[in-house]
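> The lines below spell out each chain.
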Amino acid sequence: MDSTISISGLWQVLKQNWWKILAVTLIVVMLTAAFTVLFIPKKYASSTEFYIVNINQNVEHFDSGTLSATEYLAPNYIAILKGDTMMQHLALTLKEKEGIELSPGQLRSMISTSTSGTQSTFTVTVTDSNPSRAYIIAKHLTAEAPSIITRIARPSEKGNEGDRFNVQVPVTSTMDELAVALRRIDEAKYKDLADQLAKVHRDARDNNDQLLMSYEATILGYYEGNVFDCITPLRMPTENSSPVSPSLTRNCLIAGALSAVAMYMIFLLMHVFNTTVYTEDDIKAITDLPILGTIPSWQNGTPVSQTEQQQKEDTVQ
Amino acid sequence: MKKKNSLILHNETHLLNDTTPFATREAFNRLRTNLMYTLNDKDTGPIFAVTSDDQAAGKSTIISNIAISYAMSGKKVLLIDADMRAPMQYKTFGLDRKRAGLSELLSGIAETDSDVIFSHHVEGLHLLLAGKTPPNPSELIMSQRFASFLASWSTQYDAIFIDFPPVGIVSDTLAVKHLVTGYLFVVRSAMSDGKRVRAALDSMQQVDAKVLGVILNDVHAKEGGYYRKGYSSSYGYGSHYETSYNQIHQKASKKD
Numbered sequence: 001m002d003s004t005i006s007i008s009g010l011w012q013v014l015k016q017n018w019w020k021i022l023a024v025t026l027i028v029v030m031l032t033a034a035f036t037v038l039f040i041p042k043k044y045a046s047s048t049e050f051y052i053v054n055i056n057q058n059v060e061h062f063d064s065g066t067l068s069a070t071e072y073l074a075p076n077y078i079a080i081l082k083g084d085t086m087m088q089h090l091a092l093t094l095k096e097k098e099g100i101e102l103s104p105g106q107l108r109s110m111i112s113t114s115t116s117g118t119q120s121t122f123t124v125t126v127t128d129s130n131p132s133r134a135y136i137i138a139k140h141l142t143a144e145a146p147s148i149i150t151r152i153a154r155p156s157e158k159g160n161e162g163d164r165f166n167v168q169v170p171v172t173s174t175m176d177e178l179a180v181a182l183r184r185i186d187e188a189k190y191k192d193l194a195d196q197l198a199k200v201h202r203d204a205r206d207n208n209d210q211l212l213m214s215y216e217a218t219i220l221g222y223y224e225g226n227v228f229d230c231i232t233p234l235r236m237p238t239e240n241s242s243p244v245s246p247s248l249t250r251n252c253l254i255a256g257a258l259s260a261v262a263m264y265m266i267f268l269l270m271h272v273f274n275t276t277v278y279t280e281d282d283i284k285a286i287t288d289l290p291i292l293g294t295i296p297s298w299q300n301g302t303p304v305s306q307t308e309q310q311q312k313e314d315t316v317q
Numbered sequence: 001m002k003k004k005n006s007l008i009l010h011n012e013t014h015l016l017n018d019t020t021p022f023a024t025r026e027a028f029n030r031l032r033t034n035l036m037y038t039l040n041d042k043d044t045g046p047i048f049a050v051t052s053d054d055q056a057a058g059k060s061t062i063i064s065n066i067a068i069s070y071a072m073s074g075k076k077v078l079l080i081d082a083d084m085r086a087p088m089q090y091k092t093f094g095l096d097r098k099r100a101g102l103s104e105l106l107s108g109i110a111e112t113d114s115d116v117i118f119s120h121h122v123e124g125l126h127l128l129l130a131g132k133t134p135p136n137p138s139e140l141i142m143s144q145r146f147a148s149f150l151a152s153w154s155t156q157y158d159a160i161f162i163d164f165p166p167v168g169i170v171s172d173t174l175a176v177k178h179l180v181t182g183y184l185f186v187v188r189s190a191m192s193d194g195k196r197v198r199a200a201l202d203s204m205q206q207v208d209a210k211v212l213g214v215i216l217n218d219v220h221a222k223e224g225g226y227y228r229k230g231y232s233s234s235y236g237y238g239s240h241y242e243t244s245y246n247q248i249h250q251k252a253s254k255k256d
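Just so you know, the protein sequences line up as chains D and C, in that order. Residue numbers 1 to 317, in my numbering, belong to the letters of the first sequence in order. Residue numbers 1 to 256, in my numbering, belong to the letters of the second sequence in order.
No lab work stands behind these hints, which were simulated from the structure alone. All values reported here derive from a predicted model rather than from experimental measurement. Take these hints with a grain of salt, some might be off.
Said to hold, decoys possible - Result set (DSSO-like, lysine-lysine): computed pairs, CA atoms no more than 30 Å apart in a straight line: (1) Lys-98(C) to Lys-76(C); (2) Lys-284(D) to Lys-98(C); (3) Lys-284(D) to Lys-177(C); (4) Lys-177(C) to Lys-210(C); (5) Lys-15(D) to Lys-195(C); (6) Lys-177(C) to Lys-75(C); (7) Lys-95(D) to Lys-43(D); (8) Lys-42(D) to Lys-97(D); (9) Lys-284(D) to Lys-195(C); (10) Lys-20(D) to Lys-195(C).
Take these sequences, add in the hints, and give me the full structure.
Set out below in structure tokens:
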């Protein structure tokens with residue numbers, strides 16, 4: 001009945017109640033698993049990855065300024081991607097070409113992005129309860145995003161509004177041609193990037209992906225003098241049949257951990273605030289009177305049944 | 001037909017006997033020794049009153065076994081069940097609830113104490129049961145008749161043990177504080193509430209009742225109590241003595 005508890009007391013609480021904690025935890029885990037499987041809708045994801053290329057032909061080596069400029073572009077491009085212009089355009093495209101009616105707000109809630117360190121790439125993931133729809137949205141996003149981002153990020157200072165894509169002379173009009181150009185600029189520096197762009201181009205053609213191929217001409221963006229930057233997809237989205245959420249394992253682990261901790265805290269509080277007397281120390285905490293004796297729990301007493309007791313009384317009489 | 005003033009026990013519950021575990025026997029022996037140390041030299045024929053904060057603390061069992069332990073040490077002991085509202089000693093010793101006792105004696109129905117006091121089969125132990133529940137138990141306890149009998153018994157017995165009601169329930173217990181040598185307060189492990197125990201002890205101290213000490217009853221090993229399982233086997237000292245004790249008793253039984 002102490003108001004404080006020692007480390008051994010903490011262990012004692014666990015030792016006395018471990019089976020109760022375990023039982024409740026198992027029940028909670030089972031309930032969580034059932035709820036997760038039965039009530040939480042599955043989500044499927046389709047993702048693509050974009051690369052931001054910033055090339056200065058007058059610079060022999062990438063320096064920190066160049067890199068930081070490139071890194072600075074990623075957050076900006078992501079913000080543009082999730083902005084109203086992109087979302088409205090995407091919603092319109094999906095409605096007209098796929099018959100999918102989703103509001104810009106709904107689309108925005110389905111799209112998530114992430115950047116990867118200093119490599120100037122960012123990933124865009126579309127999550128939906130329908131795996132096919134997630135893939136279709138991701139594919140259109142992959143095709144539409146570079147041109148819209150470029151148009152907004154680097155607005156043309158000359159030329160017609162409707163001819164925006166062609167005002168800035170692209171270095172190439174396809175990923176394959178960009179790969180060639182990059183190798184020409186600096187084989188060593190851009191070999192990996194060029195290879196990847198060429199692969200993406202080949203995959204699109206091999207899969208006869210008409211949508212992506214039709215947008216290749218507008219993928220690449222801005223050119224001015226010897227400096228240009230562009231945004232290009234590095235990876236085509238795919239349709240995934242495996243859901244990304246809910247995670248049964250994660251949910252059960254979290255529920256189990258929280259349950260175990262909560263149950264232990266409950267028993268700990270019960271122990272701390274328990275005023276029942278158990279030991280001589282508990283008595284010493286109550287009174288200064290001497291403890292004359294401590295009697296162990298009786299082991300050999302046999303309770304007398306009522307029938308036996310009545311027979312005894314009759315016999316004595 | 002059995003004699004009125006003798007009794008044969010059948011299926012006694014929680015009373016010291018040959019099958020009582022060594023640790024329990026020794027616990028009562030130590031309790032008896034500690035009680036003796038609380039006495040002054042002038043305390044001849046001490047009168048011990050046992051009480052608790054609540055029912056089911058085991059005070060009746062404790063006091064009966066202390067009395068048995070005293071008697072087994074060669075003393076002449078009187079055990080009185082003064083809890084006339086909820087008597088327990090008749091049950092402890094497996095006796096007839098209707099047997100005449102303290103209530104008949106104090107109300108005058110029983111003329112002399114020899115009509116209600118009888119010997120137990122443990123030599124030296126005498127019992128005075130509660131008797132029939134009277135309408136006025138407090139008045140009987142606080143009567144001059146009771147004080148007179150106690151004074152008389154204290155000269156006849158080496159020790160008197162009185163089983164009183166819980167102090168937190170009725171006023172009988174503390175009303176006779178001037179008649180007893182001291183109180184023994186029984187607390188039950190894993191059952192008694194510390195706050196209530198403290199309140200009961202405080203109430204006793206407020207009326208200057210002399211509490212000789214506390215007895216902790218029914219201690220289990222799992223509560224981290226004083227005793228551990230296999231107490232006698234954990235300590236070679238105790239184990240040796242238990243083995244010797246059992247051997248001696250087995251030999252004595254065979255001879256009989």
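> Check each numbered hint from earlier against the structure, then list the numbers of those it violates in ascending order.
Result: hint 2 breaks, nothing else.
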